[in-house]
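In order, the protein sequences belong to chains A and B. First residue of the first sequence: 49, per this note's numbering; consecutive thereafter. First residue of the second sequence: 736, per this note's numbering; consecutive thereafter.
Hints were generated in silico from the structure; no laboratory data involved. Beta carbons: idealized from backbone N, C-alpha and C, even for Gly. Any given hint could turn out to be false.
[Unchecked claim] The following residues of chain B were derived to be distant from chain A, with all beta-carbon distances above 10 angstroms:
#	residue
1	T829
2	R1059
3	I1214
4	A1240
[Said to hold, decoys possible] Simulated restraints on C-beta separations:
#	chain 1	residue 1	chain 2	residue 2	range
5	B	M1161	A	F240	28 to 38 angstroms
6	B	M1161	A	P157	41 to 51 angstroms
7	A	A269	B	E831	38 to 48 angstroms
8	B	Q946	A	R326	40 to 50 angstroms
9	A	I340	B	D1152	53 to 63 angstroms
[To be verified] In silico EDC-like pairs for lysine to aspartate or glutamate, Cα to Cα no more than 20 angstroms straight-line:
#	chain 1	residue 1	chain 2	residue 2
10	A	K237	A	E320
11	B	K962	A	D249
12	A	K237	A	E368
13	B	K924	B	E832
14	B	K962	A	D306
15	B	K962	A	E302
16	A	K237	A	E330
17	B	K940	A	E349
18	B	K924	A	E353
19	B	K950	B	D966
20	B	K940	A	D306
21	A	K201	A	E236
22	B	K940	B	D966
23	B	K940	B	D951
24	B	K1149	A	D249
25	B	K950	B	D1228
26	B	K962	B	D951
27	B	K785	B	D833
28	B	K940	B	D956
29	B	K1275	A	E146
30	B	K859	B	E831
31	B	K1160	A	D249
32	A	K237	A	E211
33	B	K859	A	D204
34	B	K950	B	E1184
35	A	K201	A	D382
36	A	K237	A	D204
37	B	K1149	B	D1228
38	B	K940	A	E353
39	B	K859	A	E177
40	B	K940	B	E1221
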Amino acid sequence: MFAVALIAAPGNAQTMTMPMPQMAMPPSPKAPVKKPPVPARKPAPAASGEDPLVMNEQPSPVDAAAPQPHAGHGPPEGPAGPMPGMAMPNQPSAAPEEVIGSAPAPAPPSDHAADAIWGGAAQLPSRAELRRENGAFQGSMILFNLAEYQARKASDGYRWEGEGWFGGDINRLVIRAEGEGELRGPVEKAEFQALYGRAIDPWWNVVAGVRYDMRPNPQRAYAAFGVEGLAPYWFRTTATLFVSTKGEILARAEGFYDQRITQRLVLQPRAEVNFSSRSIPETRVGRGLTDIELGARLRYELRREFAPYVGVEWASKIGETGRFARQNGQRATDVNYVAGIRFWF
Amino acid sequence: MFTPDRRHFLRTMALAGGAAAFSATLPAWARSGTAGLNAASDTLSGDDIKLSIGHTRFNVGGRAGHAIAINGSVPGPLIRLKEGQNVRLSVTNTLEEDTSIHWHGLLLPFQYDGVPGVSFPGIKPGATFVYEFPVRQSGTYWYHSHSGMQEALGHYGSIVIDPAGADRVAFDREHVIVLSDWSFLHPHKILTRLKQNGGNFNYQKQTLASQLAGKDQTAADRRAWGKMRMDPTDISDSTGAIYTYLVNGHGPAENWTGLFVPGEKLRLRIINAAAMTNFNVRIPGLAMTVVAADGVDVQPVEVDEFQIGVAETYDVVVRPLDDRAYGLIAEGIDRSGLVRATLAPRMGMIGPVPELRQRPLLSMKDMGMGAMDMGAMDMSGGMSGMDHGKMAGMAMSGEGMARNGNGKGMGAMKMLDPSVAPQVKMGPGVATLAPSPTDRTAERPTGLEDVPHRVLTYSQLRSLDPNPDPRNPSRQIDIHLTANMERYMWSFDGVKFSEGAEPLAFRYNERVRVNLINDTMMPHPIHIHGHFFEVVMGEKGNRPVKHTVNVLPGGKVSFDLTANALGDWAFHCHMLLHMHAGMFRVVTVRREEDMA
Chain A
49 MFAVALIAAP
59 GNAQTMTMPM
69 PQMAMPPSPK
79 APVKKPPVPA
89 RKPAPAASGE
99 DPLVMNEQPS
109 PVDAAAPQPH
119 AGHGPPEGPA
129 GPMPGMAMPN
139 QPSAAPEEVI
149 GSAPAPAPPS
159 DHAADAIWGG
169 AAQLPSRAEL
179 RRENGAFQGS
189 MILFNLAEYQ
199 ARKASDGYRW
209 EGEGWFGGDI
219 NRLVIRAEGE
229 GELRGPVEKA
239 EFQALYGRAI
249 DPWWNVVAGV
259 RYDMRPNPQR
269 AYAAFGVEGL
279 APYWFRTTAT
289 LFVSTKGEIL
299 ARAEGFYDQR
309 ITQRLVLQPR
319 AEVNFSSRSI
329 PETRVGRGLT
339 DIELGARLRY
349 ELRREFAPYV
359 GVEWASKIGE
369 TGRFARQNGQ
379 RATDVNYVAG
389 IRFWF
Chain B
736 MFTPDRRHFL
746 RTMALAGGAA
756 AFSATLPAWA
766 RSGTAGLNAA
776 SDTLSGDDIK
786 LSIGHTRFNV
796 GGRAGHAIAI
806 NGSVPGPLIR
816 LKEGQNVRLS
826 VTNTLEEDTS
836 IHWHGLLLPF
846 QYDGVPGVSF
856 PGIKPGATFV
866 YEFPVRQSGT
876 YWYHSHSGMQ
886 EALGHYGSIV
896 IDPAGADRVA
906 FDREHVIVLS
916 DWSFLHPHKI
926 LTRLKQNGGN
936 FNYQKQTLAS
946 QLAGKDQTAA
956 DRRAWGKMRM
966 DPTDISDSTG
976 AIYTYLVNGH
986 GPAENWTGLF
996 VPGEKLRLRI
1006 INAAAMTNFN
1016 VRIPGLAMTV
1026 VAADGVDVQP
1036 VEVDEFQIGV
1046 AETYDVVVRP
1056 LDDRAYGLIA
1066 EGIDRSGLVR
1076 ATLAPRMGMI
1086 GPVPELRQRP
1096 LLSMKDMGMG
1106 AMDMGAMDMS
1116 GGMSGMDHGK
1126 MAGMAMSGEG
1136 MARNGNGKGM
1146 GAMKMLDPSV
1156 APQVKMGPGV
1166 ATLAPSPTDR
1176 TAERPTGLED
1186 VPHRVLTYSQ
1196 LRSLDPNPDP
1206 RNPSRQIDIH
1216 LTANMERYMW
1226 SFDGVKFSEG
1236 AEPLAFRYNE
1246 RVRVNLINDT
1256 MMPHPIHIHG
1266 HFFEVVMGEK
1276 GNRPVKHTVN
1286 VLPGGKVSFD
1296 LTANALGDWA
1306 FHCHMLLHMH
1316 AGMFRVVTVR
1326 REEDMA
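Kindly produce the complete structure, drawing on both the sequences and the hints.
Right, here's the structure in full:
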């Protein structure tokens, strides 16, 4: 129409003829336009600004042409319509004459504007809800990184290792469970940890709590302290120190890395080492470095949270622990082939 | 051309195709094959409008899911108002939970802004709440729930306000294009998954296969980024892997079609009502002239593609001359999916679907190491409020630029130097701080840097009308957009709203410059309720006037705000899950004497 003739608009631009029989709400000039330039308005309800910010103040026809440099032209050109492939030059963020004052910020009020309209009693629950809804996440995750069948040289077995967290972004209850056994035999190892976990920086959590070993017998209880998190280069890392009720100190460090081969095929190299402060013959744990495990598991993520895998694992009992194993007629070092399902929910 | 017989025929044809069964629950304007807004019979208008919020089944791509609908449809009805009128909007809640409607971009008394806990108590189950306010503006806007995550379940609709006088945009026909993202996974589940596993929905990560094929980053870059625990493919956290992108409630298969007569000027009122998706929008074969942004007229700019942040609106005018179908393409900025709708002279024609383009990779600049770029160095120099800490950061990032294979000199420490942002509360929720954020408003947005056609940049937008308040700001504030993407924590200044963040206080009618600094590697569409602001770009006087501004990764955007609307207002990132994770504040505007 008279103002912004967008695309080479000839004189008929303002007719806006619609070739349709039913025009429910045509914004056409033929529509009855109430003439009073300022339509009667109800006074704005309480607390509205007195001076409405007039955003699209309708200019008179005379004014309308003024601020529109492209009226009557064809496709816009010049600064507002750059040429193809031509990047706009960087413009300074602030022209020199724009001096920004240094007025102090007002102190935030302690009351709430809506209370004056709807009453504090009505607003209170919704305000609490608003706070919950914007950041107060509570949730959980239970992940079994290992849940597998192990084909061993001696007799085949199984193994599980899982961790769950329950809570918010910072404070969590962390539950860990791991164990293993032989298919035709008793559970050899069953260990549970219940820990308080706290995020201390972007990547690391500290944990503290208890560990209880159901197997092997005799059972043991420990206090547990540790860190877990994401090390540089995306290594998932856990390191925990355990002090038993008998004063034995154990330590464990483990880590893994998810190497994405394709979007769904993932190779996970994994390592674990254990230490003991002393020799504990009744649980066949030797002093010093007790065992090392290196594994690689190749999983296919049917879904992110459900991924069957196959893998191989080299596990070796070291030093005195190895001697304990051999005395028991077990192999100190083994290569196991594994197949399992990594899952979480 | 569209005789009743013909329309009947079209409807019958659509039924035969099974599409109308889908479309039947939609309002006429959103129905496929619509001849345009003026032919829509069930657009809501007048002084007294009734809306009802309830459950519905939503069908897309041959599947049905639970949705929350307004008057039974997703999207809800188009509300068409006229500048200068008063409107009463009665909203009835038939859900079993509280609901609300926020009128996005409308200037109104704060108690009718529709944010439970800020502007009003919310709408209880079974209750009807009456919003009543004068309509003070014109343009393209929208509305949506501000309760829980209902918006992601379909609780949104469009608003068109005709100017009191003649429209300054010339067009023959108009269509409303509501873009959105639909998931069969409940939004709470999506959030939980992201908290459990930050990159859960990203199926476009760098892999060994891509490395062996010589694609994506070099081995040295992969090591350097890995050391920082940063993922250059983390462009969107909720992706096309879980979303079906929609145009007016239609997925790509349903192919929403808007009709035109060749030679007509079509005004497309494009609204990004998605919960989590920024879109790149284009109509291959048609140039688009942007005539309004966020409902406010701008000086016309002709482009071939633009990026629309969540909650932004753009009005564009196109003029299809040929008797053919055009594809209207909205592609997620991470290129994990797209939706195609069709503009055609008649029903049954299908616009072509282009291939998804290569997903972009983030760069050092997206980490706020903008000074790596010579051009950006100049811009940084012009930044007001540039302090020595930031200057140090610039020097540092020069070092980062000279990185070598062993990655020394650009460790994680330098991405998290608290001295560049003393106001940010450090902790688990802040994984990075942009050492040298730059004004990126003159740059093409993420992923469109190298496309071989014209792409809209913010700096090209100039308001048609002179900016209403010529005063210089009396003060300025910095607000850092902060995150830990791995833990999926989002906040302003390192503080989640739930942690008891204080309101941002403004004096009534005070003019303040607000500097948004994006310390994260994702764009954040930041929205303030009840106000418009001028984005500080180029010469003063005709800066674009917006209600939502998308801050590019590692970038900085300044806006000047005249705090002329008394009351308490919401201020937040419009990515629904980011807001829900804590990227939210209350803004309060009071008279000086009323400040506590």
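Hint check results:
With a closest Cβ-Cβ approach of about 19 angstroms to chain A, T829/B is found to remain outside the 10 angstroms limit, as its non-interface label requires. Remark: the non-interface label on R1059/B is consistent with the geometry, its nearest Cβ contact in chain A lying 18 angstroms away (cut-off 10 angstroms). The claim that I1214/B lies off the interface holds: its Cβ sits roughly 12 angstroms from the closest Cβ of chain A, which is beyond the 10 angstroms cut-off. At roughly 4 angstroms from the closest C-beta of chain A, the C-beta of A1240/B falls inside 10 angstroms, breaking its exclusion from the interface.
Separation of M1161/B from F240/A is about 34 angstroms and conforms to the stated range, judged on CB atoms against 28 to 38 angstroms. Checked against the given bound of 41 to 51 angstroms, the beta carbons of M1161/B and P157/A, roughly 28 angstroms apart, lie outside it. Between A269/A and E831/B the CB atoms are about 47 angstroms apart, so this pair conforms to the stated range of 38 to 48 angstroms. Checked against the hint of 40 to 50 angstroms, the pair Q946/B and R326/A passes, with Cβ atoms roughly 47 angstroms apart.
Between I340/A and D1152/B the beta carbons are some 38 angstroms apart, a value that contradicts the proposed interval 53 to 63 angstroms. A distance of roughly 16 angstroms separates the Cα atoms of K237/A and E320/A; the hinted pair therefore holds under the 20 angstroms criterion. Distance hint between K962/B and D249/A is fulfilled; the C-alpha atoms sit about 16 angstroms from each other, no more than 20 angstroms. In summary, the hint linking K237/A to E368/A is supported, as the alpha carbons are separated by about 19 angstroms, within the 20 angstroms threshold.
With a CA separation close to 18 angstroms, the supplied pair K924/B and E832/B stays within the 20 angstroms bound. A C-alpha spacing of about 14 angstroms is found between K962/B and D306/A, which places the hinted pair at or below 20 angstroms, so the restraint holds. For the given pair, K962/B sits about 19 angstroms from E302/A by alpha-carbon distance, which is consistent with the 20 angstroms threshold. Restraint check for K237/A and E330/A: the C-alpha separation of about 14 angstroms stays at or below 20 angstroms, so the hint holds.
For the hint pairing K940/B with E349/A, the CA-to-CA distance comes to about 14 angstroms; that is within 20 angstroms, so the pair holds. Pair hint K924/B plus E353/A holds up; C-alpha atoms about 13 angstroms apart against a cutoff of 20 angstroms. Pair hint K950/B plus D966/B holds up; C-alpha atoms about 15 angstroms apart against a cutoff of 20 angstroms. Between K940/B and D306/A the CA atoms are separated by roughly 12 angstroms; this keeps the pair inside 20 angstroms, and the hint holds.
Proximity of K201/A to E236/A is assessed by CA-CA distance (about 17 angstroms); at most 20 angstroms being required, the pair is judged to hold. With a C-alpha separation of about 8 angstroms, the suggested pairing of K940/B with D966/B holds against the 20 angstroms cut-off. Under the criterion of a C-alpha separation no larger than 20 angstroms, the hint pairing K940/B with D951/B is consistent with the structure, at around 10 angstroms. Using a Cα cut-off of 20 angstroms, the hinted pair K1149/B and D249/A holds, with the two alpha carbons roughly 15 angstroms apart.
Proposed proximity of K950/B and D1228/B is contradicted: the alpha carbons are some 36 angstroms apart, above 20 angstroms. The straight-line distance between the Cα atoms of K962/B and D951/B is roughly 17 angstroms, inside the 20 angstroms bound, and the hint therefore holds. The hinted pair formed by K785/B and D833/B meets the criterion: a straight-line CA distance of about 18 angstroms does not exceed 20 angstroms. For the suggested pair K940/B and D956/B, the alpha carbons sit about 14 angstroms apart, so the restraint of at most 20 angstroms is met.
Distance hint between K1275/B and E146/A is fulfilled; the C-alpha atoms sit about 8 angstroms from each other, no more than 20 angstroms. Distance check on the hinted pair: K859/B and E831/B sit about 8 angstroms apart at the alpha-carbon level, within 20 angstroms; holds. For the suggested pair K1160/B and D249/A, the alpha carbons sit about 12 angstroms apart, so the restraint of at most 20 angstroms is met. Among the hinted pairs, K237/A with E211/A is consistent with the structure: their alpha-carbon atoms are about 16 angstroms apart, no more than 20 angstroms.
Distance restraint check for K859/B and D204/A: the Cα-Cα separation of roughly 60 angstroms exceeds the 20 angstroms cut-off, and the hinted pair is therefore not satisfied. Only pairs whose Cα atoms come within 20 angstroms are accepted, and K950/B paired with E1184/B is accepted, the gap being roughly 18 angstroms. Our distance criterion of 20 angstroms between C-alpha atoms is met by K201/A and D382/A, whose separation comes to about 7 angstroms. Straight-line distance between C-alpha atoms of K237/A and D204/A comes to about 15 angstroms, which keeps the hinted pair within the 20 angstroms bound.
Taking the CA atoms of K1149/B and D1228/B, the gap is about 18 angstroms. The hint holds against a cut of 20 angstroms. Annotation: proposed proximity of K940/B to E353/A holds, straight-line Cα distance about 17 angstroms (limit 20 angstroms). The hinted pair formed by K859/B and E177/A meets the criterion: a straight-line CA distance of about 13 angstroms does not exceed 20 angstroms. Between the alpha carbons of K940/B and E1221/B the distance comes to roughly 14 angstroms, so the proposed pair stays at or under 20 angstroms and holds.
Violated hints, in rising order: 4, 6, 9, 25 and 33; the structure is consistent with all others.
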